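Protein sequences, first through last, are from chains G, X and E.
The numbering of the first sequence is this note's numbering, which starts it at 1 and goes up by one.
The numbering of the second sequence is this note's numbering, which starts it at 1 and goes up by one.
The numbering of the third sequence is this note's numbering, which starts it at 1 and goes up by one.
Derived from the structure by calculation, the hints contain no laboratory data.
Any given hint could be a false lead.
[Claimed, not checked] List of simulated lysine-lysine pairs, PhoX-like, C-alpha gap at most 25 Å: (1) X/K3 / G/K207; (2) X/K107 / X/K170; (3) E/K233 / E/K149; (4) G/K170 / G/K336; (5) G/K3 / E/K207; (6) G/K207 / X/K233; (7) G/K233 / E/K207; (8) E/K114 / E/K336; (9) E/K3 / E/K233; (10) X/K207 / X/K336; (11) E/K207 / E/K336; (12) E/K233 / X/K207; (13) X/K207 / E/K3.
This structure is a prediction, so every number in the text was calculated from the model and none was measured.
So you can see what is in the structure, the chains are spelled out below.
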Amino acid sequence: MSKTNPGNFFEDFQVGQVIEHATPRTVTEGDRAAYGSLYPTRFALPSSAVFAASVGLDQHPVEELIGFHIAFGKTVPDVSLNAVANLGYAECRFHQPVVPGDTLSTKSEVIGLKQNSNGKSGVVYVRSTATNQRGEVAIEWARWVMVHKRVPADSTADGAPETVIPDLAKAVDATDLIVPEGLVFSAYDFTAAGEPHRLEDYEIGEKIDHVDGVTLTASEHQQATRLWQNTAKVHFNAEARPDGRNLIYGGHIISLARALSFNGLANAQVIAAINAGAHASPAFAGDTVYAWSEVLDRTVLEPGSAEAPGIGALRLRLVATKGRDESMTLRGEDGKYAPGVLLDLDYWALIPA
Amino acid sequence: MSKTNPGNFFEDFQVGQVIEHATPRTVTEGDRAAYGSLYPTRFALPSSAVFAASVGLDQHPVEELIGFHIAFGKTVPDVSLNAVANLGYAECRFHQPVVPGDTLSTKSEVIGLKQNSNGKSGVVYVRSTATNQRGEVAIEWARWVMVHKRVPADSTADGAPETVIPDLAKAVDATDLIVPEGLVFSAYDFTAAGEPHRLEDYEIGEKIDHVDGVTLTASEHQQATRLWQNTAKVHFNAEARPDGRNLIYGGHIISLARALSFNGLANAQVIAAINAGAHASPAFAGDTVYAWSEVLDRTVLEPGSAEAPGIGALRLRLVATKGRDESMTLRGEDGKYAPGVLLDLDYWALIPA
Amino acid sequence: MSKTNPGNFFEDFQVGQVIEHATPRTVTEGDRAAYGSLYPTRFALPSSAVFAASVGLDQHPVEELIGFHIAFGKTVPDVSLNAVANLGYAECRFHQPVVPGDTLSTKSEVIGLKQNSNGKSGVVYVRSTATNQRGEVAIEWARWVMVHKRVPADSTADGAPETVIPDLAKAVDATDLIVPEGLVFSAYDFTAAGEPHRLEDYEIGEKIDHVDGVTLTASEHQQATRLWQNTAKVHFNAEARPDGRNLIYGGHIISLARALSFNGLANAQVIAAINAGAHASPAFAGDTVYAWSEVLDRTVLEPGSAEAPGIGALRLRLVATKGRDESMTLRGEDGKYAPGVLLDLDYWALIPA
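Turn these sequences into a full structure, and let the hints steer you where they fit.
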């Protein structure tokens, strides 16, 4: 019997099945530096231990997306090695900041299955949970992927499992957002953070063009993807695709767009939840990526005053595009994503209120 | 009103104005590793905690240029986002070593202004100071940049500010050099450091060809530049230049040349001051960079003996070239930089005496 | 006299000579992250501090190859700067794990010399020892390289040194393998480690195709090689070779193949010894590298039980290829390495038994 992992196929999943993913991973200050060399991030909280302490945190968290990518990467060999496409995310909540020294492990429960009518693949829904070395939940999320069948059936769907589609929220309710223990914005230093804008300065429906573009390189996305121990072949093996080009890991685009969004959203310091996400089209080395954001909602979690800000939550749509689109158009008249849209990410960020 | 930072234009600066730059940044061991992956540095002091302790330091400093690039990077969004060119540096002194755990913040004071006769741009002189988490000065320097005007005037210079040109020293006086607290070379290990040469072995006027060349790659200079949170578009966005090529960050060439200078200057362990610097021509991925040095001056700061070296200071011109120039020619007969010269950096280094 | 290091030529070596190599190097968590960004490594022990503690280690080691590459890199400026080829390795043993905070220094003793009959070069055999800041041996190994003569002699071999060929073992004897202090596999977590296979599951002669391929990039191999302070020009200077292509550092291929071997050898957690190694052909950016392994031997070092595994040692041949060779052919009928074979590495790994 082969000793290597062929990955799971659609037939290998059952609703209720729990998969403990391999390779726990300790986060270090080295990850913070590597992340900073790969993404133009300048958010004051993960950049500065002094700033983190000034907002009440007793340790210096890394970017939320470092934790997310690591936790996510663990699920790839078991869940999506034979994936056709990563279809969506939902109900992702960050339960507590990840700090250097934390060791993350991930497990996933299969929460839904739907064989496609072509009999060749099916959609697998999983809820994944990353825990730290104390067994506490750090991050949880749901995602669904289209996975090849080992043995394609004909279209009569003989032997297909019962279709179960989980009931996933369109967005995390603001009342379910978790504020990191100790976080206070009452002594928030807007000068150090780089912008004066607070929750109240953002209007629902407002769009922000983040201006700057970054040209993707082959080495950088591979280094990032490897850092998260993500093994999907299409990112590393130019021979694995007919066009000889490596596909950029979708999470690379998420991190890049989030970093670019500093310019206009410098005070959206903490990602509290990811409501939904779609990778609208693939990206390749040589593409120049820009980002824009749309304010979808805003709410005060802990009231403050002019002098001593409280904590607010801003629900944002973060859009990455190939080439700059100053019109900030998400979809064409046909309802499809506009050409050039790479990513449509809906998330909640904490910001002084 | 736009929430994004358009950068300052020439009209936005006034002499005496103080700008507190955003995003304090904590330096970590991750930065040391990232730096070591990007530059072929082998100086024993930043390489080895044991060596650092053997020369009297109670913590293990990172390369001086890590501190400089981080501190410098913070000034870019406020000072040089709309720069035409970075014209020069002066009076840069390293007040104390930067060690992992230090958090650097930078502020700048405008110390001079001169509108150009074409009315389209002007020169802005700033003195910048980086302080650590204890509020102590870590690094200070002056630089001047040519910045676009927001609204170009005609050549009559209507509305131009009064011209103020600061009096900047051609070089930091040796008596103003700061020796890091505790530094002693009395038990200096020349074998571990890699070369036997002491201050006395270098003659004023001597030139040293550092032999080795490094071919620049697009990923590496971007990773370096990002690590310093330097946001200048020309380094990241291939669409930002008509030729579709990213300009290599000048500081990348400084760090590369300094690292190459190990071969012949292995004992020039500590950069104490930068007297002047000019980026003579731009560099691009694919260029192969070499370096040579010229000894400009030397002085004993703390006398030693044959057995127990003291501390000396070597004033060096560090020249980076595109392609190797074994003749080590700085300028042609016309007084202009010779073709191929990328960098002309004048600095003081501490070395066993 | 030139202050720069021209490297040693064949004439500069004498049997019995001891060379203390320059630049001690402190290993940090930054190195772990950099390594993880450059190689797709997922072995649980170096990935997770929690896993390391669960197998009895009181500190969190980095990959053995990080220590090896750093220790090896130090020998390059003195031993192989003028090398024609790196011919082989033998008797490499890892005496104790390298952990962040350790400072490695390396010295080498010349143990053999043989001038080539063409009079232009000769083979130099050295035994190198890396010690940590406590003066304890961390790693030792022998290697032999072909080095240019400074002054080529005619084929009469006038003035050639007496030929001394050291007696090097074909493989480290299993009884000489060193188990890291404290290491126990009795509570080994196979789920966390990613595979269920123990020593007994591997048959002598068994071959394992590690499936995945990685396309090499210019930036990545340079960053890796620099991280180890390896100064060999052919890796960095595209002008140093007629074809304008940088040669990939052989150690890069070793690390890449070892990381790929996780898929099928996930429990081969600790490299205990390297018996032999040959770089069969050069690799370049753009090549896609695959790996396969062959089980050469196996032995129980500390007996265990089904519930509480002991410690076994697996002797493995690790082969890296350019392009995938599912037939896993090492040599052609002519006895030469099959086309596409890049690396043939013979090593011992510790695995639950």
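Verification of the hints:
no., hint, in the structure
1, X/K3 / G/K207, "10 Å, holds"
2, X/K107 / X/K170, "23 Å, holds"
3, E/K233 / E/K149, "18 Å, holds"
4, G/K170 / G/K336, "19 Å, holds"
5, G/K3 / E/K207, "10 Å, holds"
6, G/K207 / X/K233, "22 Å, holds"
7, G/K233 / E/K207, "22 Å, holds"
8, E/K114 / E/K336, "24 Å, holds"
9, E/K3 / E/K233, "18 Å, holds"
10, X/K207 / X/K336, "19 Å, holds"
11, E/K207 / E/K336, "19 Å, holds"
12, E/K233 / X/K207, "22 Å, holds"
13, X/K207 / E/K3, "10 Å, holds"
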